[in-house]
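Q: Each chain is listed here by its residues.
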Amino acid sequence: MMKKMCAAARAGRRLLPLLLCCGMLLTTACADGRTPDGSAPGQGGAAGTVSDNGGQAPDNQEIITLEEVPGYSGEPYIEINGNEPDFQEAGQAERKKSFERYSVLDRLGRCGEAYANVGTDLMPVEKRGRIGKVKPTGWQTVKYDFVDGKYLYNRCHLIGYQLSGENANERNLITGTRYMNVEGMLPFENMVADYVKETENHVLYRITPIYEDDNLLAEGVQMEALSVEDNGEGISYNVYVYNVQPGVTIDYKTGESSLNEERMPGPGEDDAKVEIRGNSRSKIYHCPGQAAYEEMADSKHLVIFGSEQEASEAGYRKAKR
Amino acid sequence: MIAIVCVDERNGMMFHSRRQSQDRVMREDMLRECRGRRLYMDTYSGDLFKNMSHEETEIVIVDDFARRAGDGDYCFFEKMEVERTFLTDRDESRIEAIIMYHWNRRYPADTYFPISLSDGCLSDREWKLLRMEEFRGSSHERITKEVYQRI
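Residue numbers (this note's numbering), protein chains in the order written: chain A, 828 to 1148; chain B, 11 to 161.
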């Protein structure tokens, strides 16, 4: 389990950028179906008060550093600090009402922390507008055939539109891979959104983009959430989501990318390839040696993949045994 | 025993020891399904039904409910008992039917429903889909209910 570092202690650390954008701001994360094409800006924040704290995190707030994050190993996120979020700084008065705060952009134009207390009064009442005019740092318009929706990058809301109604707010949009957006961030955002809608409770919610040095592209984002009225019984998590795209090598300094050659099959490789058997109904895949691998051969729901990565990119998860 | 479970798009059930989601309309539907019978659940699930009217369904809250439930009784599986019940042949064989509610959303998960009902994976038994219906929940646009019976 990775350790966290207090804001006060991180000064001088190589990965200082973590905190550069630690303003306590609320934003909205990406929604389904967003497109990265250029288009007219949409309507701004639907509800709530937008403010900033000058991009500084409170002294007692713990933030991870990249040195503490293990490299991407096939899962879109990892749990941090035992999956326990850190909202000690949130006062009682702050917990009782909805708010959203966004960090000012840093000297490189990068987004910082977005912090909110999500309530039903922050949520949008209309469909999201266009956000194509915003060009977050590291933005590149590039396509790969194997990426869902083709486009490598999405304009990723830090705090999703479905949570705060924040639309084309440049302090709330970073350049993120489709994989980070849809496989990594969206499920966590969905969980918070549906909880708030169902219970009408509040959820403290903080998204912190993590940069290395002066890189324009975030290496990932830290997502923390804690339900307020039930003291975390409903929602409580602290995860780091990787800003990666399987099969693509990314230069985080600029956002430029290239096909990961290691992923490409070499001459004769197909003959030696193992067969991964997916179940189109359950969206589970089975590897040779696993319990149901042989049974799957005759299933009417059989889908064959050339690799686990291919299955994962298609939205399948590995069988537990 | 008739098992009731809620799953997301990838058969996820829980994350960080918490249910992925909840819905009042879904719970009302569940009570209608169990009308006239016992509905067993653990204390964690019991909190969901505290303020709900259930005159026609006897709710029994006990943490080892899967052992206590008899033929025809309903069991709502969330936090407890899932793996032990569904991955143990002796207990799984007691399950007559499964009512599965699909959120039709993707949430984070670290606990999954362990049976693939559609093809018998992870089980040497077959399940038949008896009926399926969709409805709008209180906080979910579309919830799908599937009822499977052991063949």
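These aren't lab readings, by the way, just hints derived from the structure by calculation.
The reader is advised that the hints may include incorrect statements.
[As the list claims (entries may be wrong)] Cβ pair distances, simulated, as ranges: (1) B:E106 to A:E1135: 25 to 31 Å; (2) B:L139 to A:D975: 38 to 44 Å; (3) A:K962 to B:D74: 37 to 43 Å; (4) A:Q919 to B:S148: 50 to 56 Å; (5) A:E1060 to B:S148: 17 to 23 Å; (6) B:R45 to A:K1127: 41 to 47 Å; (7) A:T1076 to B:V70: 38 to 44 Å; (8) B:R160 to A:L1129: 53 to 59 Å; (9) B:E143 to A:K977: 48 to 54 Å; (10) B:G56 to A:K960: 47 to 53 Å; (11) B:R141 to A:E1135: 33 to 39 Å.
[Unchecked claim] Below, in silico cross-link-like pairs of lysine to aspartate or glutamate (EDC-like), each with a Cα-Cα straight-line distance of 20 Å or less: (12) A:K1024 to B:D39; (13) A:K954 to B:E38; (14) A:K1145 to B:E66; (15) B:K155 to A:E1025; (16) B:K60 to A:E1083; (17) A:K1145 to B:E19; (18) A:K1024 to B:E38; (19) B:K138 to B:E151; (20) A:K1024 to B:D120; (21) A:K1110 to B:D39.
Note that the Cβ used here is the ideal one computed from N, Cα and C, for glycine as well.
Q: If a hint holds in the structure, say so; if it does not, say that too.
A: Evaluation of the provided hints:
Checked against the hint of 25 to 31 Å, the pair E106 of chain B and E1135 of chain A fails, with Cβ atoms roughly 36 Å apart. Distance hint for L139 of chain B and D975 of chain A: a CB-CB separation of about 29 Å, inconsistent with the stated range 38 to 44 Å. In this structure, K962 of chain A and D74 of chain B break the distance hint of 37 to 43 Å, their C-beta atoms being roughly 58 Å apart. Distance hint check: the CB atoms of Q919 of chain A and S148 of chain B are about 29 Å apart, inconsistent with the given range 50 to 56 Å.
About 19 Å separates the C-beta atoms of E1060 of chain A and S148 of chain B, a value consistent with the hinted range of 17 to 23 Å. Between R45 of chain B and K1127 of chain A the beta carbons are some 35 Å apart, a value that contradicts the proposed interval 41 to 47 Å. Restraint check, T1076 of chain A to V70 of chain B: a C-beta distance of roughly 56 Å breaks the suggested window 38 to 44 Å. About 23 Å separates the C-beta atoms of R160 of chain B and L1129 of chain A, a value inconsistent with the hinted range of 53 to 59 Å.
About 36 Å separates the C-beta atoms of E143 of chain B and K977 of chain A, a value inconsistent with the hinted range of 48 to 54 Å. Between G56 of chain B and K960 of chain A the beta carbons are some 51 Å apart, a value that agrees with the proposed interval 47 to 53 Å. The supplied range of 33 to 39 Å is met by R141 of chain B and E1135 of chain A, whose beta-carbon atoms lie about 35 Å from each other. Under the criterion of a C-alpha separation no larger than 20 Å, the hint pairing K1024 of chain A with D39 of chain B is consistent with the structure, at around 19 Å.
For the proposed pair K954 of chain A and E38 of chain B, the alpha carbon gap of about 29 Å is over 20 Å, so the pair is violated. Taking the CA atoms of K1145 of chain A and E66 of chain B, the gap is about 41 Å. The hint is violated against a cut of 20 Å. Between K155 of chain B and E1025 of chain A, the direct Cα distance comes to roughly 19 Å. Compliance with the 20 Å bound is thereby established for this hinted pair. Of the pairs offered as hints, the one joining K60 of chain B and E1083 of chain A is violated, with about 54 Å between alpha carbons and a cut-off of 20 Å exceeded.
At roughly 14 Å between alpha-carbon atoms, K1145 of chain A and E19 of chain B fall within 20 Å of each other, so this suggested pair holds. Our distance criterion of 20 Å between C-alpha atoms is met by K1024 of chain A and E38 of chain B, whose separation comes to about 17 Å. A C-alpha spacing of about 26 Å is found between K138 of chain B and E151 of chain B, which places the hinted pair above 20 Å, so the restraint is violated. For a cut-off of 20 Å, the pair hint linking K1024 of chain A to D120 of chain B is broken: about 23 Å separates their Cα positions.
Only pairs whose Cα atoms come within 20 Å are accepted, and K1110 of chain A paired with D39 of chain B is rejected, the gap being roughly 26 Å.
Hints 1, 2, 3, 4, 6, 7, 8, 9, 13, 14, 16, 19, 20, 21 from the list above are not met by this structure, while the remaining hints are.
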